[in-house]
Amino acid sequence: MQTHRSTPWLFLAPNLVIFGVFTFLPIAINFYYAFTGGVNLYPNDRPWVGTENLATLLDCGSYFDPGSCRRDLFWRAVWNTAQYSLFQVGLMILFSLITALVLNRKIIGRGLWRGVYFYPVLLSPVVVALIWKWILQREGVLNGVVTALGHEPTLWLAEPGWAFFWVVFVGIWAHMGFYTLILLAGLQAIPADLYEAAQLDRASPWRSLTKITLPLLMPNLLVVLVLAAIKAVQTFDEVFVLTGGGPGSATTFIVQFIYQTGFQEQVRLYGLAAAGSLLLAVALIVLTLIQLKATSAGSAGERAK
Amino acid sequence: MPYKAVVETLPVQLAAGEGPDIARVTDLGGLNKYYLDLTPHLSAARQKHWNDNFASTLPWFRAGPADKGVYGLMSQLTVTGLYVNKTLFDQAKVPMPGDKASWDDWIAAADKVAKATKVPFAMAMDRSGHRFAPLAVAHGAKIFDDKGVPVVDAGYQAAAKKFIDWHKNGLMPKEVWGGVGGSQYRDAFEEFANGRVVAYYSGSWQLKRMDTQVTKAFDWTVASAPCGPAACTAMPGGAAFVALKRTKQPALAAKFLDFLAEDANYKELMAKTENIPASASVAKAGVTYQVSPMARTALNAFVADVPKIAKPNFELQGYRFNRAVFLPTAQRLGQAAAGEMSADDALKRLAADIDEQVKAASK
Numbered sequence: 001m002q003t004h005r006s007t008p009w010l011f012l013a014p015n016l017v018i019f020g021v022f023t024f025l026p027i028a029i030n031f032y033y034a035f036t037g038g039v040n041l042y043p044n045d046r047p048w049v050g051t052e053n054l055a056t057l058l059d060c061g062s063y064f065d066p067g068s069c070r071r072d073l074f075w076r077a078v079w080n081t082a083q084y085s086l087f088q089v090g091l092m093i094l095f096s097l098i099t100a101l102v103l104n105r106k107i108i109g110r111g112l113w114r115g116v117y118f119y120p121v122l123l124s125p126v127v128v129a130l131i132w133k134w135i136l137q138r139e140g141v142l143n144g145v146v147t148a149l150g151h152e153p154t155l156w157l158a159e160p161g162w163a164f165f166w167v168v169f170v171g172i173w174a175h176m177g178f179y180t181l182i183l184l185a186g187l188q189a190i191p192a193d194l195y196e197a198a199q200l201d202r203a204s205p206w207r208s209l210t211k212i213t214l215p216l217l218m219p220n221l222l223v224v225l226v227l228a229a230i231k232a233v234q235t236f237d238e239v240f241v242l243t244g245g246g247p248g249s250a251t252t253f254i255v256q257f258i259y260q261t262g263f264q265e266q267v268r269l270y271g272l273a274a275a276g277s278l279l280l281a282v283a284l285i286v287l288t289l290i291q292l293k294a295t296s297a298g299s300a301g302e303r304a305k
Numbered sequence: 306m307p308y309k310a311v312v313e314t315l316p317v318q319l320a321a322g323e324g325p326d327i328a329r330v331t332d333l334g335g336l337n338k339y340y341l342d343l344t345p346h347l348s349a350a351r352q353k354h355w356n357d358n359f360a361s362t363l364p365w366f367r368a369g370p371a372d373k374g375v376y377g378l379m380s381q382l383t384v385t386g387l388y389v390n391k392t393l394f395d396q397a398k399v400p401m402p403g404d405k406a407s408w409d410d411w412i413a414a415a416d417k418v419a420k421a422t423k424v425p426f427a428m429a430m431d432r433s434g435h436r437f438a439p440l441a442v443a444h445g446a447k448i449f450d451d452k453g454v455p456v457v458d459a460g461y462q463a464a465a466k467k468f469i470d471w472h473k474n475g476l477m478p479k480e481v482w483g484g485v486g487g488s489q490y491r492d493a494f495e496e497f498a499n500g501r502v503v504a505y506y507s508g509s510w511q512l513k514r515m516d517t518q519v520t521k522a523f524d525w526t527v528a529s530a531p532c533g534p535a536a537c538t539a540m541p542g543g544a545a546f547v548a549l550k551r552t553k554q555p556a557l558a559a560k561f562l563d564f565l566a567e568d569a570n571y572k573e574l575m576a577k578t579e580n581i582p583a584s585a586s587v588a589k590a591g592v593t594y595q596v597s598p599m600a601r602t603a604l605n606a607f608v609a610d611v612p613k614i615a616k617p618n619f620e621l622q623g624y625r626f627n628r629a630v631f632l633p634t635a636q637r638l639g640q641a642a643a644g645e646m647s648a649d650d651a652l653k654r655l656a657a658d659i660d661e662q663v664k665a666a667s668k
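As they're listed, the protein sequences go chains A and B.
Heads up: the first sequence begins at 1 in the working numbering, then just goes up one per residue.
Heads up: the second sequence begins at 306 in the working numbering, then just goes up one per residue.
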């Protein structure tokens, strides 16, 4: 039976329309807004300003000193996001790997433990943030314990260092279950006979880990790394509810800056917010390219073996 | 609908040509271009009623001095004020500062009480530029320059530095202004209700909450508007019902608002919602509130503060882009309170933020 040439397009069309309206069109509009100014919402009412918005965001004495930048909050948000991504992603992958290695062993109640680690992933980010807010606020559960032990309560969410620590901690707690699952699937795909051979050769557990497990798990680790990094750069809802970006701007990330500039202020600078989105998109594209490069390098390496 | 939706979602809806027929708004002047002018739908007698009785608040809704439209009805006229934990003052045997007491007098007295009663902080203020404005004007801030453009002048700076010092010195809890980010609003009601502060600067809209949640725990009162070197003043404000241009039933929308503006109806609305009337005739006739004696005394204290409100505070409330002053104030003073930047840097940034926002708004 011969298929008409237009038949595949007929099946693809509904999804293409949805994708076009809700993804490509907003991207195009975002580009237009980034190069226009004023406070009007309708594109026709917005004057063309060229690269002025991007120039405003990039206008800095030194990019390492947000205080020297015209839009200091943007650069504070950039550096906060970078630091958050580094700590949250790094530590989360480490803990996910350790958890996956433990859950891959024959331990009592393995199914229960897998559920325990995966359950925070099922919660809405707002619920996650509210739970931890109740724990960490001045009269929260944690300070209740601290006080009961005879110590002074700590302002966990009002001290910049502690607030940042807890934002990272909650980020790890909420998401590591998902990445643990990916790594667990990777671990289970490693042939058992490799470990049996290693045992026959009297290889130590550490040697088995570094010479068998980690190399064979590398493709999964790379996927986890890039997915987690993209997610970290996009962080908003959990942190916004937990700390509101504070204290000061200690936990303000790029997406909150964009939201605040475009929607929270009375004078809504849509152009500046859109320009911020473009810069964020550039960062995400770079991360994705790194993933593609790393994944293809990993595959090539595997094939070469 | 939550307050956040009124402040953040409604303006976007209106800009996109969507939204309800009638809305309750707090950004009175900022949304002017979406308002329906009720004048063509009102009889001459009713126009006179509106213009005579709501003369002090009608300009808040208008685009400028040339605009004579009738746009909205204040559902809630509010006045800022200082709530004081009277029980703590009594326990500490510290005399309460009098009617002409300054901010410094209040903070000193509250500090004495806090130390004597082992309460963590002397005073708290809602995290809002609106609440900061009376402190600034009391210290000489004019808010606007000769051209009517908002400025961070010497008075504003003096008040801001004092305010940041109060945080640094532990007189005010860091977590209210310094604890959240951006320009987000945060009230300090819980701090006061839980007896963690001796005095709390907020406003008349907290009365009902105060009466139902705090009265059973301790005695409280509202102080007369605190003074500074330049004035004893408070900040007016509130929410209002407005009809929107996009309505398909302009006559009905106008009729509904006019119905609410009738003296008998407005009086009942104020009595039931325990608010200060914006209508001169209703204020003159008086409103009988069904509240506790403590709340009634407080309500009278707020009403007595209305004539003391300084001109810059009234002008700021009526300024179209007042949130372009309020929001950066919360943001920058919050950063300074959190210890993220110095008072001088915060003030420089604040001036730049206000300037940028006002310029962008006029593009």
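Hints are not guaranteed to be accurate.
Said to hold, decoys possible - Covered by chain A, according to a simulated footprint, are these stretches of chain B (three or more residues, beta-carbon under 8 Å): (1) 313-327; (2) 645-657.
Claimed, not checked - Straight-line Cα separation of at most 35 Å, DSBU-like style, residue types lysine-lysine; simulated pairs: (3) A:K133 - B:K391; (4) B:K391 - B:K467; (5) B:K572 - B:K398; (6) B:K589 - A:K133.
The set of hints was computed from the structure by calculation and includes no laboratory data.
Treat the numbers as computed from the prediction; the structure is a model and nothing was measured.
For glycine and all other residues, C-beta sits at the position ideal for the given N, C-alpha and C.
Discussion item. Need the status of pair K391 (chain B), K467 (chain B): alpha-carbon distance at most 35 Å?
Written reply: Holds, because 25 Å separates the two Cα atoms, which is no more than 35 Å.
Worksheet entry | Pairwise hint evaluation, K398 (chain B) against K572 (chain B), where the allowed Cα distance is 35 Å at most | 40 Å, violated
Worksheet item: Are K133 (chain A) and K391 (chain B) close enough, with their CA atoms no more than 35 Å apart?
Response: Since the Cα atoms of K133 (chain A) and K391 (chain B) sit roughly 31 Å apart, the hinted pair holds (cutoff 35 Å).
Worksheet item: Taking only the CA atoms, is the gap from K589 (chain B) to K133 (chain A) under or equal to 35 Å?
Response: 47 Å, violated
Item to complete: Examine the segment 645-657 of chain B for residues whose CB is less than 8 Å from any CB of chain A, and state whether their number is three or more.
Response: holds (count 4)
Fill in: Given coverage of the segment 313-327 of chain B by chain A, tested with a Cβ cutoff of 8 Å and a minimum of 3 residues
n = 5 at 8 Å, threshold three: holds.
Hint violations for this structure: numbers 5, 6, all remaining hints satisfied.
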